[in-house]
Amino acid sequence: MLVLKIIGILIAAFLVYLLIVKVNEYTIQKYRYQFFNMANFLISAVGYGLLYFGYKWYMNALEKNQDLLNGQILIGIGVILILAVIYYNIKNTSGTTGLAFSLIQAPIYSVLAVFSLLSR
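Quick note on numbering: the working numbering labels position 35 of the sequence shown as 55, and the sequence is numbered without any gaps.
Be a bit skeptical, because a hint or two may be false.
[What the hints assert, rightly or not] DSBU-like, lysine-lysine: derived pairs with alpha carbons at most 30 Å apart:
#: 1; residue 1: 42; residue 2: 111
#: 2; residue 1: 42; residue 2: 25
#: 3; residue 1: 84; residue 2: 42
[Said to hold, decoys possible] With beta-carbon atoms standing in for the labels, derived distance ranges:
#: 4; residue 1: 39; residue 2: 108; range: 15 to 23 Å
#: 5; residue 1: 39; residue 2: 59; range: 35 to 43 Å
#: 6; residue 1: 104; residue 2: 45; range: 18 to 26 Å
Note that these hints are calculated values from the structure, not bench results.
Quick reminder that beta carbons are idealized off the backbone N, C-alpha and C, glycines included.
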């Protein structure tokens with residue numbers, strides 16, 4: 021059963037890779053903009069990291085009746101970074117295309133951010 025799970029994960033990863041390649045081919049051809057790129061990933065990864073650690077900080081402060089603002093600020097900065105990537109995507113493509121592909125990009129980048137953090 022474990023082998024089937026591993027094969028399923030590998031197939032899913034390959035399908036996500038194909039999706040990324042096709043989206044980039046389309047956006048490069050139509051808008052001269054590479055949708056999935058390292059700069060967007062790094063900004064998104066930092067944003068997701070700030071969301072995670074800000075939430076942990078906020079919940080820890082809430083339990084201990086301490087200052088909640090530190091966690092809230094980190095969460096806010098994380099949200100701003102992720103929204104900045106979405107804005108940049110929409111700015112360089114059309115509104116519909118940018119928003120639709122950003123909804124695909126966000127979960128992919130969040131998973132990749134977790135794996136890149138764990139691999140360090």
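Results of checking the hints against the structure:
no.: 1; hint: 42 with 111; in the structure: holds (20 Å)
no.: 2; hint: 42 with 25; in the structure: holds (26 Å)
no.: 3; hint: 84 with 42; in the structure: violated (48 Å)
no.: 4; hint: 39 with 108: 15 to 23 Å; in the structure: holds (20 Å)
no.: 5; hint: 39 with 59: 35 to 43 Å; in the structure: violated (20 Å)
no.: 6; hint: 104 with 45: 18 to 26 Å; in the structure: holds (25 Å)
This entry does not satisfy hints 3, 5, going by the numbered hints stated previously.
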